[in-house]
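Q: Chains as they are written, first to last, in the numbering used here: chain F, 10 to 415; chain V, 10 to 415.
Keep in mind the hints are simulated off the structure, nothing from the lab.
Errors might be hidden in some of the hints.
In this list, chains with the same sequence are indistinguishable; a pair is considered to hold if it fits within one copy or across any two.
Below, in silico cross-link-like pairs of lysine to aspartate or glutamate (EDC-like), each with a Cα-Cα straight-line distance of 20 Å or less [as the list claims (entries may be wrong)]:
hint: 1; residue 1: K65; residue 2: D303
hint: 2; residue 1: K65; residue 2: E390
hint: 3; residue 1: K65; residue 2: E299
hint: 4; residue 1: K372; residue 2: D328
hint: 5; residue 1: K408; residue 2: D259
hint: 6; residue 1: K65; residue 2: D348
hint: 7; residue 1: K65; residue 2: E305
hint: 8; residue 1: K228; residue 2: E392
hint: 9; residue 1: K65; residue 2: E387
hint: 10; residue 1: K110; residue 2: E261
hint: 11; residue 1: K408; residue 2: D389
hint: 12; residue 1: K53; residue 2: E114
hint: 13; residue 1: K40; residue 2: D328
hint: 14; residue 1: K65; residue 2: D389
hint: 15; residue 1: K228; residue 2: D183
hint: 16; residue 1: K65; residue 2: E76
hint: 17; residue 1: K353; residue 2: D375
hint: 18; residue 1: K371; residue 2: E412
hint: 19; residue 1: K182; residue 2: E261
Nothing here was measured: the structure is a model prediction, and the numbers come from that model.
2 protein chains.
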Amino acid sequence: MKQTITLDTMSHGVTYAKGFQAIGIQAGLKKSGKHDLALIYTDKKAAVAGTFTQNKVAAAPVYVSKETVATGTAHAIISNSGCANACTGAQGLADAHTMAKATAEALHCSPNDIIVGSTGIIGQQLPINDITKAIPTLVNSLSFEGTELAGKAILTTDTYSKTASTHFTIDGKDIHMGAIAKGSGMIRPNMATMLCYITTDIAITPTLLQKALHACVNKSFNMISVDGDMSTNDMAIVLANGAAENTLIDTENSDFYLFQEALMAITVSLAKQIAADGEGASKFITINVEGATDFENAKLVGMTIANSPLVKTAFFGEDPNWGRLICAAGYAGAPMNPDTTVLKIGGIIIFKNGMGAVYNEKKLQDIMSAHDITVTVELDEGEAQATVWTCDLTYDYVKINGEYHT
Amino acid sequence: MKQTITLDTMSHGVTYAKGFQAIGIQAGLKKSGKHDLALIYTDKKAAVAGTFTQNKVAAAPVYVSKETVATGTAHAIISNSGCANACTGAQGLADAHTMAKATAEALHCSPNDIIVGSTGIIGQQLPINDITKAIPTLVNSLSFEGTELAGKAILTTDTYSKTASTHFTIDGKDIHMGAIAKGSGMIRPNMATMLCYITTDIAITPTLLQKALHACVNKSFNMISVDGDMSTNDMAIVLANGAAENTLIDTENSDFYLFQEALMAITVSLAKQIAADGEGASKFITINVEGATDFENAKLVGMTIANSPLVKTAFFGEDPNWGRLICAAGYAGAPMNPDTTVLKIGGIIIFKNGMGAVYNEKKLQDIMSAHDITVTVELDEGEAQATVWTCDLTYDYVKINGEYHT
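With the rest of the complex left out, here is chain F (with noise of 0.2 Å):
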């Protein structure tokens, strides 16, 4: 019988599965006094893979990072938060190179073993002294139970951490999978600032742990936009242990794939709470657009109405105004007809044969006043769809981003 995959009502966050170990600590760098410096470890040697942002002006972390990846395997991930260290120069390239080494010195392993991830403001070099003097505390703190520690010292402008876990069984065996991961602004496709680490103790190889991260991805967080900017720093990274000790996943079998479903079912849930989660966010929307000639052209139509300012701020002022989401379907680029395109808010017709339709003024105001609410496409070009998920544009927007911050 195939098992359902499902969430923990309660996530168990990075330290679920067997033999991980996690911490965040005050390290000083964020002015708050916040958590800011967080540790996940394994002390059996993980499987590895990683999907980096597509910036051309990537962060130094993101450098050090890619290298330990193309290894297969690691040990730890290590991540601050206060400072990005992007666009540090050979300066920031050596802090972040540092910050591995520290860490594996600490850890008695490799540099190569070691995951840096950083977020925070661009272009202010890191304070390195203080990372490297907090490195043995963070290596002494860590501990099964301290998932919520090292969710909170990812964070920046988020007013939650995110996680998510599940579980399943291979060969009778218990697979745990959990994650953490931050988010907030600075989100669109093709990764956002975004810092996902997700730790399993399935036993699966390297290569294909990269593939089914990379399909996870494609249809989690590169299907999110806060205000359509993609950062220098985003990351996502699994870990895999196999202290669950299954068989060796090595070829696309049926574990593989009940593997992917979960990693799926995980990546899907960070990204709505990262959506949900937006700078100044008031809504949560989801965009559903069917009909489509192909899955892009779906996923075009989506992201180009979740990208509006002009959608964004109806939400924000719970207008139902249908003109400004046929507008932004109409300007997408992809095939579409206005004369055979539905909308649909919360399950109402609002838009056919093109133009507005008759509908209940007050069940739809009443949708419109929820916190979530989706929004349906329906083309009539083909058979694709895609899902997209975004917040709406408000004043906290603006107050947050138009404001000096540190």
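Starting from the structure of chain F, add chain V where the hints point.
A: Frame of chain F, contents of chain V only:
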């Protein structure tokens, strides 16, 4: 000796060119009671050219006006605000035709001689009876001094009317050219919620008029962005009635290029006025991209920066946040290398060699606090250049678009 084209210090608008009359009246389409119906007329039939929105959801008047442009000649432009007549189905198209027909009857010409433009809320049926009832008054009010009222009557959320004029000499004949335009929200390349009406008394063939307009729109209206949205109603129209009695321009000779230069000056001026009057804007931002592989890539980098909400809010906050600028340049998709890219604000180098530069903070703060700010992006990829104009993203943008308004 080559003539130098300069704009008139005070614009004479669409009634500057010989033989053109215009007017704007209050037809009751705007709830505010403001001017909402405009007419521009030339007794002598004019060559006509037009460029239109590329949105797949085009408004009814766009279809009607395209037919008129296809005939090569026209007598008049009728244009209303208060209702876009977009997404209004068969009724909307019939209304746009009625608008042309009623105008033609009152002016004793053919409906095929009439350009129809509309702007306002999408999805509401045109109050066509109010318009047809007002047309006799409109026609009777036509005046050689009517440009100011015509300019007023095409506005929506604009805070001022956009206008420009210029004059030059061909064959010893004085050539006049003037324009009115509107556009504020929903402004982005490939046209905008933008109506632009240009009149000139030059004698030129419709084919060459279209060619010149196309070239000018690509370097003016297609280079501005307020919010990245593309409207359903955009059009730029030129009427050239030949009343100046120059030798007909029917080849791409020096007279043609002089004319095109004048048309470029007019359209660039209007484009900049539109960007500066972006909804809620408090800053006018010029983005010069240099050293790109080609014009399209230069434009791509400039438009990506111009469309970044993080960049736009930083300018609102007078924050010289070069991290957001270089980040947007990095995800534009055009060839660029952060290590060889130089960023300047107001001529001050703020980023080079892959990291922030040392600069006079006080001097830069003075530049950031001004209304007009110039950003220069020097790539090291080639010789191509592009200039893009935009504005900041403010609380007022959210206010204007986040509240119901009609």
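Q: With reference to the structure, classify each hint as holding or not holding.
A: To see whether the hints hold, each was checked on the structure:
no.	hint	in the structure
1	K65 x D303	between (28 Å within a copy, 18 Å between copies)
2	K65 x E390	between (34 Å within a copy, 14 Å between copies)
3	K65 x E299	between (32 Å within a copy, 17 Å between copies)
4	K372 x D328	within (13 Å within a copy, 43 Å between copies)
5	K408 x D259	neither (50 Å within a copy, 55 Å between copies)
6	K65 x D348	between (40 Å within a copy, 10 Å between copies)
7	K65 x E305	between (22 Å within a copy, 18 Å between copies)
8	K228 x E392	within (17 Å within a copy, 39 Å between copies)
9	K65 x E387	between (35 Å within a copy, 15 Å between copies)
10	K110 x E261	neither (35 Å within a copy, 67 Å between copies)
11	K408 x D389	neither (40 Å within a copy, 35 Å between copies)
12	K53 x E114	within (16 Å within a copy, 86 Å between copies)
13	K40 x D328	between (39 Å within a copy, 19 Å between copies)
14	K65 x D389	between (37 Å within a copy, 14 Å between copies)
15	K228 x D183	neither (26 Å within a copy, 62 Å between copies)
16	K65 x E76	within (17 Å within a copy, 45 Å between copies)
17	K353 x D375	within (14 Å within a copy, 49 Å between copies)
18	K371 x E412	between (38 Å within a copy, 18 Å between copies)
19	K182 x E261	within (19 Å within a copy, 79 Å between copies)
Comparing the model with each earlier hint shows violations of hints 5, 10, 11, 15; every other hint is respected.
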